[in-house]
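Student: In case you want the letters, here they are:
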Amino acid sequence: MTESTNPIEEILRMDRIPHIWCPGCGIGTVVTSFAEAVRKEQIDLDKIAIVSGIGCTGRVAGYVKLDSFHTTHGRAIPFTTGLKMAHPETKTVVFSGDGDLSGIGGNHLIHAARRNMDMVVICVNNFNYAMTGGQVAATTPKLANASTAPYGNFENAFNLPYLVEAAGATYVARWTALHLRRVTKSIQEALNHRGFSFIEVITPCVTLYARRNRLGDGLNLLKYYYDQSEIQHDADTKTLDISYQGKLIVGKFVHKEKPTFLDAMNDHLSTTLGTDYKLYGVNND
Amino acid sequence: MDGDFAIAEGGLAAGCRFFAGYPITPSTETAEHFSERIPMVGGVFIQMEDELASIAALIGASWGGKKAMTVTSGPGFSLMMENIGLAAMMEAPLVIANVQRGGPSTGLPTLTGQQDMMQARWGSHGDYRIIALSPDSPQECFDLTIEAFNLAETYRVPVFVMTDECVGHMHEKVVIPEADQIEVVERKWYTGPKKDYRPYKNDEDGIPFMVKVGDGYRFHTTGLTHDEHGYPLLNADCQKINVQHLLDKIDKNADKIIRIEEDQIDNAEILVISYGITSRVAVKAVQDARAAGIKVGTLRLITVWPFPEKRILELAGQVKGIVFPEINAGQVVLEAERIVADKCPVFRVPHLGGWVHDPDDILNAIKEAAK
Numbered sequence: 056m057t058e059s060t061n062p063i064e065e066i067l068r069m070d071r072i073p074h075i076w077c078p079g080c081g082i083g084t085v086v087t088s089f090a091e092a093v094r095k096e097q098i099d100l101d102k103i104a105i106v107s108g109i110g111c112t113g114r115v116a117g118y119v120k121l122d123s124f125h126t127t128h129g130r131a132i133p134f135t136t137g138l139k140m141a142h143p144e145t146k147t148v149v150f151s152g153d154g155d156l157s158g159i160g161g162n163h164l165i166h167a168a169r170r171n172m173d174m175v176v177i178c179v180n181n182f183n184y185a186m187t188g189g190q191v192a193a194t195t196p197k198l199a200n201a202s203t204a205p206y207g208n209f210e211n212a213f214n215l216p217y218l219v220e221a222a223g224a225t226y227v228a229r230w231t232a233l234h235l236r237r238v239t240k241s242i243q244e245a246l247n248h249r250g251f252s253f254i255e256v257i258t259p260c261v262t263l264y265a266r267r268n269r270l271g272d273g274l275n276l277l278k279y280y281y282d283q284s285e286i287q288h289d290a291d292t293k294t295l296d297i298s299y300q301g302k303l304i305v306g307k308f309v310h311k312e313k314p315t316f317l318d319a320m321n322d323h324l325s326t327t328l329g330t331d332y333k334l335y336g337v338n339n340d
Numbered sequence: 010m011d012g013d014f015a016i017a018e019g020g021l022a023a024g025c026r027f028f029a030g031y032p033i034t035p036s037t038e039t040a041e042h043f044s045e046r047i048p049m050v051g052g053v054f055i056q057m058e059d060e061l062a063s064i065a066a067l068i069g070a071s072w073g074g075k076k077a078m079t080v081t082s083g084p085g086f087s088l089m090m091e092n093i094g095l096a097a098m099m100e101a102p103l104v105i106a107n108v109q110r111g112g113p114s115t116g117l118p119t120l121t122g123q124q125d126m127m128q129a130r131w132g133s134h135g136d137y138r139i140i141a142l143s144p145d146s147p148q149e150c151f152d153l154t155i156e157a158f159n160l161a162e163t164y165r166v167p168v169f170v171m172t173d174e175c176v177g178h179m180h181e182k183v184v185i186p187e188a189d190q191i192e193v194v195e196r197k198w199y200t201g202p203k204k205d206y207r208p209y210k211n212d213e214d215g216i217p218f219m220v221k222v223g224d225g226y227r228f229h230t231t232g233l234t235h236d237e238h239g240y241p242l243l244n245a246d247c248q249k250i251n252v253q254h255l256l257d258k259i260d261k262n263a264d265k266i267i268r269i270e271e272d273q274i275d276n277a278e279i280l281v282i283s284y285g286i287t288s289r290v291a292v293k294a295v296q297d298a299r300a301a302g303i304k305v306g307t308l309r310l311i312t313v314w315p316f317p318e319k320r321i322l323e324l325a326g327q328v329k330g331i332v333f334p335e336i337n338a339g340q341v342v343l344e345a346e347r348i349v350a351d352k353c354p355v356f357r358v359p360h361l362g363g364w365v366h367d368p369d370d371i372l373n374a375i376k377e378a379a380k
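Residue numbers (this note's numbering), protein chains in the order written: chain A, 56 to 340; chain B, 10 to 380.
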């Protein structure tokens with residue numbers, strides 16, 4: 056009998072499994088979608104790098120068998136800006152959580168979007184700071200309970216697709232973790248898109264957010280998010296606010312061409328400097 | 010050219026091809042000069058959204074295979090502390106020039122200080138080592154920025170060029186040698202079989218080999234305590250090996266790293282220790298003291314961290330007293346006091362910033378020490 060292996064194992068650090076995520080957590084399914092997208096697009100595994108920040112999703116870089124960087128809280132995006140600009144032929148993927156990317160890293164998020172820096176940002180949104188025990192986040196829906204919002208959250212939550220589109224992102228999508236094939240397809244599109252791509256994936260945090268708010272187990276919540284979803288491609292991102300246990304508008308909202316930071320730099324400097332300027336990142340060793 | 014310009018030229022001469030920065034007085038001229046020059050030599054300049062982003066981009070660029078640097082001053086240096094720790098932990102070579110101004114907080118944006126010296130050494134949390142150099146002239150801004158890159162590449166460590174507003178804005182002649190006359194250290198790349206690569210396995214010299222992104226090693230690196238694979242291993246045993254290595258690679262090579270400049274030490278009764286702009290002010294005080302018949306020797310710290318412990322301990326046994334002026338309330342002098350212990354008295358000459366010392370203040374301390 057020959058042993059069969061899952062084809063995505065080639066993209067995972069199997070020597071690091073079992074992972075640290077709780078049973079019922081949605082992060083693993085998003086990693087599966089990512090691995091599947093990379094495999095389907097036949098991306099050269101030596102030419103793609105993954106960068107994470109800190110938090111539950113921040114651990115993704117440690118399980119993916121690519122050039123992988125586990126950086127500091129909130130700084131995955133500027134780290135990737137440096138990595139990408141130093142070595143432009145490498146595809147760069149930031150894989151991190153809502154708190155990391157939009158809380159502590161919010162300023163970097165909007166500026167990388169503004170520059171249309173060529174990277175794929177996969178934002179796993181579980182509505183709370185899970186690694187530290189379920190604190191309120193910039194993405195926690197109003198009225199949801201969190202360990203630092205014990206009487207319920209009264210702050211406004213970010214509408215991330217609206218935020219990144221306004222800042223300049225050129226590919227924006229949102230799905231739930233149960234939309235496996237749709238997430239995979241979005242990641243495939245983003246990997247082929249030249250520019251700043253942002254994919255938000257709503258996932259259940261079973262141990263903290265779900266338990267504290269009495270929302271049932273992981274499978275139930277995964278299913279609940281899926282059932283609450285309404286696919287509206289090209290929806291106006293202004294309309295994508297998320298309310299507590301309310302309807303979730305998902306889909307692909309933005310997909311447009313615009314010069315990346317590198318393209319704009321090369322274009323502008325070769326125009327202004329003429330032959331004194333050698334195109335950067337072209338035939339780079 | 011001024012010191013700020015010379016830092017940029019030194020960086021370029023050392024092979025720096027990635028600069029990320031955020032404007033801050035009195036260092037901005039370095040960033041401006043980079044933005045003008047680096048596109049012409051095949052490099053990237055990017056003005057980031059803040060200093061947190063600048064240093065993060067530098068670490069990314071370092072793993073992208075480029076020599077990378079930034080320049081800043083006090084408030085920006087404070088913001089960089091978080092990822093200076095990451096650079097130390099990931100052992101990513103990079104260079105930060107700090108054109109110091111008076112602090113704390115916004116302090117004196119346009120006026121000098123040497124108040125970030127201890128922050129340079131200890132600013133990020135946890136135990137680690139860095140290297141800090143202190144130029145006293147625009148020429149040394151050029152020379153020591155090259156040296157900073159060479160040290161960063163040799164020891165895979167963040168290296169700081171700790172200058173100040175006076176030297177940064179001082180215009181003097183700077184001699185830039187022909188490129189083939191400049192010693193430039195290149196990164197120690199790993200070239201062995203891919204399956205054998207361990208990102209944090211020490212070579213014989215105690216420094217691990219490096220690879221860059223896209224070379225096919227599919228390696229992992231993290232700010233977490235890690236084993237030689239770069240994989241997190243969160244226990245006291247791994248912590249000891251990991252952190253001890255960060256300390257050892259600098260401590261055990263301190264003699265090779267440290268550069269000092271001595272003058273008239275042989276029969277000195279008083280030793281004046283200083284660094285950066287203060288060493289130039291001290292020259293006047295030392296001349297006056299010698300004219301008054303006091304035998305004064307000087308020791309200038311070109312490398313401030315690691316600190317030249319052995320040499321200072323040796324000299325402490327020879328002289329009657331040590332005089333140590335610096336433009337802060339007393340920072341590097343604390344290290345001298347710790348080392349000298351009771352071998353001889355150490356006279357602090359603090360200045361809280363905004364201007365350099367009045368040479369007479371240093372002279373009076375020398376006279377006091379000579380009593």
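Because the hints were derived from the structure by calculation, they are not lab data. Treat the hints with caution; some may be incorrect.
[What the hints assert, rightly or not] Covered stretches of chain B (chain A as the covering partner; in silico rule of three or more C-beta atoms under 8 Å from a C-beta of chain A):
#1 52-65
#2 70-84
#3 126-134
[Claimed, not checked] Derived DSS-like pairs: lysine-lysine, alpha-carbon spacing no greater than 27 Å straight-line:
#4 B:Lys210 / A:Lys120
#5 A:Lys278 / A:Lys102
#6 B:Lys197 / A:Lys102
#7 B:Lys203 / A:Lys102
[Unchecked claim] With beta-carbon atoms standing in for the labels, derived distance ranges:
#8 A:Arg249 / B:Thr115: 50 to 58 Å
#9 A:Pro314 / B:Asp257: 43 to 51 Å
#10 A:Met69 / B:Ala338: 21 to 29 Å
#11 B:Trp198 / A:Asp99: 16 to 24 Å
#12 B:Gly135 / A:Gly188: 42 to 50 Å
#13 B:Gly135 / A:Asp282: 43 to 51 Å
#14 B:Trp364 / A:Thr330: 29 to 37 Å
#15 B:Gln56 / A:Val309: 21 to 29 Å
#16 B:Asp257 / A:Ile75: 28 to 36 Å
#17 B:Thr115 / A:Asn211: 25 to 33 Å
Values in this document were obtained by computation on a predicted structure and should not be read as measured data. Yeah, the Cβ is synthetic: ideal placement off N, Cα and C, and Gly gets one too.
Student: Now tell me, hint by hint, if it's right for this structure.
Tutor: Hints versus structure:
1. 52-65: holds (count 10)
2. 70-84: holds (count 7)
3. 126-134: violated (count 0)
4. B:Lys210 / A:Lys120: The given pair, whose Cα atoms are some 19 Å apart, holds under the 27 Å limit.
5. A:Lys278 / A:Lys102: Since the Cα atoms of A:Lys278 and A:Lys102 sit roughly 35 Å apart, the hinted pair is violated (cutoff 27 Å).
6. B:Lys197 / A:Lys102: 21 Å, holds
7. B:Lys203 / A:Lys102: Distance ~15 Å between B:Lys203 and A:Lys102 Cα, so the pair holds.
8. A:Arg249 / B:Thr115: 50 to 58 Å: With Cβ atoms ~41 Å apart, the hint is violated.
9. A:Pro314 / B:Asp257: 43 to 51 Å: Holds, at about 48 Å.
10. A:Met69 / B:Ala338: 21 to 29 Å: 55 Å, violated
11. B:Trp198 / A:Asp99: 16 to 24 Å: 21 Å, holds
12. B:Gly135 / A:Gly188: 42 to 50 Å: 23 Å, violated
13. B:Gly135 / A:Asp282: 43 to 51 Å: About 46 Å separates the Cβ atoms of B:Gly135 and A:Asp282, which means 43 to 51 Å holds.
14. B:Trp364 / A:Thr330: 29 to 37 Å: With Cβ atoms ~48 Å apart, the hint is violated.
15. B:Gln56 / A:Val309: 21 to 29 Å: Since the Cβ atoms of B:Gln56 and A:Val309 sit about 26 Å apart, the hinted range of 21 to 29 Å holds.
16. B:Asp257 / A:Ile75: 28 to 36 Å: 31 Å, holds
17. B:Thr115 / A:Asn211: 25 to 33 Å: 31 Å, holds
Of the numbered hints listed earlier, those contradicted by the structure are 3, 5, 8, 10, 12 and 14.
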